[in-house]
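Turn these sequences into a full structure, and let the hints guide you.
Read off the chains here:
2 protein chains.
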Amino acid sequence: MNKSYKILLTGSVIAIGAMGLMANSINSREAERKEINTGPVVQAEGVASKNEEWYRYYPREYDSWKQTKKSDKITDLLREKPQLAIIWAGYGFAKDYNAPRGHFYAIQDNINTLRTGAPTGPSNGPMPTACWTCKSPDVPRLMDEVGENEFFTGKWAKYGNQIVNPIGCADCHNSQTGNLGFSRPHLGRALEASGVNLDEITFQDMRTLVCAQCHVEYYFRPTEWTDKTGKTKTAKVVTLPWAKGLSAENMEEYYDEYSFKDWTHKISKAPMLKAQHPGYELFSKGIHAQNGVSCADCHMPYKQQGSIKYTDHNIGNPLDDIASTCLTCHRDSEKAFRDRVASKLERKEQLMKMAMDTLAAAHLEAGKAWELGATEAEMQPVLELLRSGQWLWDYSIASHGSFFHSPEETLRLLGVANDKGGKARIKLAAILAQHGLIGYQVPDFSTKEKAQALAGVPLQKLITEKKAFESTLLEQWNEEAVKAGRLDPKTLEGMSNKSSWSQTELSQ
Amino acid sequence: MNKSYKILLTGSVIAIGAMGLMANSINSREAERKEINTGPVVQAEGVASKNEEWYRYYPREYDSWKQTKKSDKITDLLREKPQLAIIWAGYGFAKDYNAPRGHFYAIQDNINTLRTGAPTGPSNGPMPTACWTCKSPDVPRLMDEVGENEFFTGKWAKYGNQIVNPIGCADCHNSQTGNLGFSRPHLGRALEASGVNLDEITFQDMRTLVCAQCHVEYYFRPTEWTDKTGKTKTAKVVTLPWAKGLSAENMEEYYDEYSFKDWTHKISKAPMLKAQHPGYELFSKGIHAQNGVSCADCHMPYKQQGSIKYTDHNIGNPLDDIASTCLTCHRDSEKAFRDRVASKLERKEQLMKMAMDTLAAAHLEAGKAWELGATEAEMQPVLELLRSGQWLWDYSIASHGSFFHSPEETLRLLGVANDKGGKARIKLAAILAQHGLIGYQVPDFSTKEKAQALAGVPLQKLITEKKAFESTLLEQWNEEAVKAGRLDPKTLEGMSNKSSWSQTELSQ
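Line by line, the protein sequences give chains A and B. Going by the working numbering, the first residue of the first sequence is number 19, and it counts up by one from there. Going by the working numbering, the first residue of the second sequence is number 19, and it counts up by one from there.
Think of the hints as simulated: they come from the structure by calculation, not from any bench. All figures in this text were calculated on a predicted structure; none of them were measured in a lab. Any given hint might turn out to be false.
Remember, identical chains collapse to one label, so a pair may be satisfied in a single copy or spanning two.
To be verified - In silico lysine-lysine, PhoX-like type, Cα no more than 25 Å apart, as pairs: (1) Lys362 / Lys262; (2) Lys362 / Lys303; (3) Lys303 / Lys371; (4) Lys485 / Lys287.
Here it is as structure tokens:
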């Protein structure tokens, strides 16, 4: 081998090596590019319902989501606003109604509320399976596994050992792609019914619509279906009443046409509607929505960790972090924002209290009228006013922050709700007089205890039964879920199992 | 003379000439600078009340001001909203009430309205001199000449031949400097009473406050004074009730403490308050004021004529020129603005109608209760609710565009106003029943004619008298004013002398 050949060889080897390194670098960059631009597959098929499984791919998002655990305060709204127990007499909300807590508590709160009762086995208890619909990524997993009709058939207790992970990743993200998407079919159907072309939904739209899967008005529509064995069953399918539009009056017309009622009022006998939480609907009437702002823009601001930008999943009150939320668009001091929002809240609180007082008094006066022998014909216009007025009131305030999302629409609705309640009371004064009672003063409903007594809520019995349920069937559910690998036992750690009634002393 | 001397001389002459020209140029530039930076003296002393006199210095502003003559449509609000005649029964507004027209018609409308009656000489007629206060730059001229107490003493007809120029230049501009300034002392006093340091008012503040001289709530406070001859007289002094604050509730408290009433309601006998037009007060609760926007920013946008920038004095609806108003700050389409404003108006119209219907029915029911022998003690709480509810209603809608200036405050107030009216009606249903009448239906007030008949308005008599006044005393006033050089006769040219009643056929 001569020297020049050696040099040539060495050069060639170096060149080949360098090319190899370059190719390797190109390949690894291409892999990196793919990784950055493609969400990882958390689970190859179906729905990855355990939030913990998303941690390895989305550690920042997961950690911020877990911060919702800190939003753990129980605020007993029946104690703060006892009128509610009168207004909802005969319905679950008169039993127990708290201000919302973080997403982390969705399962715990659903189990703890006295509204879901104390089942002793999979086929009893007051509530249908539909009551789980918005509580957990186990819901889309189950819908995927058993079908939507089967999911919506049966009692709430049917899925006690299946639905165990609180609202989390797979509620809004596809487990194969990580992309935002609907996990609940009811929203897509409702959007189509209200004229939306699903193919034209943008990413920015989606940053609102994934929230709108749950933060909306809905009802449980009885739907007949036939199972594989040919047996006819009735599913109670979560349905959004959007076919006539999204306003309170549109939905009222929808429900009226369908002769739908949620319950018959225990005191006034009015055929009532219960608004759930039409947050998306009210938001869409407000100035932020009109300017293209999404839910996530304010409730899930972008955050920075080192060089990584991510979305904060500690969904809560944007006022907790004005610098990352309001101030990204508006120029003003934090104080100015707080004062402005406070005055909006104050106005709504005033009109809300006014309407609640009117409606509660009207229900009690209607009860008295029945007691004195009022006729169906006399009472019919009163009951219609009560149904309509209370619906408008409920629609306007049942969702988070309606006073901010759409302050003018909220105030308008509260004004009209109160007017209808007032008109019912004017009629009732005449009906009562007709039956010999002039100037009737309704009984005192100024405390939760007094109001629940008037509403006939057997609170102590409900608590006793709930406690028995929690120490038996609930423990069994959790054990089964852990054993089957559906629940990470760590999820239950450090949960104080708080409720409005855990400190209530029971009389012997 | 040698040649070099000649050259020297010629050079010197040229240099001196050039220096002279330069000095002249410097002087004329200095004069120009002064002229640009100093408003001209329209009149050496006192108030230049004839708007025509300002034309030579401010031709663009004058011409744009004169465009307010085009805003000449008469909208009879008693015809559009007949409830008003019931609500104001016993007070001037039940006689005649139109939507506002351009500043140019301030005098004509004040003379034409049936509210100012038909005086036959300087010391009779229903109204005090105070009713001229906001109508003309002749008012500050007169106050300057006779003193404020003398101005506010006597009947409206006292100044019929003095107050002849419609709202114009000297209402907001100083005749010696052209600067913005208060021409009415009541505003300065009210600002001081509400804690404002007048020395800290900025130019931008002034672009709102000159409007606030008139677009505010006020009342005529009886004030004793002694004239030069030692005679004690009572002036009715325009006073802004701001000492407790600017909200509706603040002012209500002020009036209650002072046991003030504007009139006793003819049907219900309630001691009523009439809101004037608290536009500044409501505006100051809204988002535009909170962001430092002035009245002039939207109602008097800057315009360009060649290289000259001037302020448009054709004060009217900013929606007539969205490009020069809203769009200087906001980015959106004109259509988006129109739709947004329309929905604000719609909400306010709904709650306003609701409250008016409730209040009108309550007044009529109260009238029936008195008729059936209700006692003062029974009626007292009803009358208090009527006074308070109607005040809140009136405060919320009496000014221009409250639905836009402060939509949330307007809706809140309408909701509370309606609630108070409703509570009065509930009490009245019991009082009527107590006096043997159950389920009373109030008489029909669905047209202006029906409502005015219920309110006891002698419309034909009022029109006949007004026509007589206009063909006698009014003509005399105008002749005297022209003769004394206080009125340019051209001002009256082309005025169609429109009113709500000019086309009303009188029965023989």
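Hints the structure violates: just list their numbers, smallest first. 4
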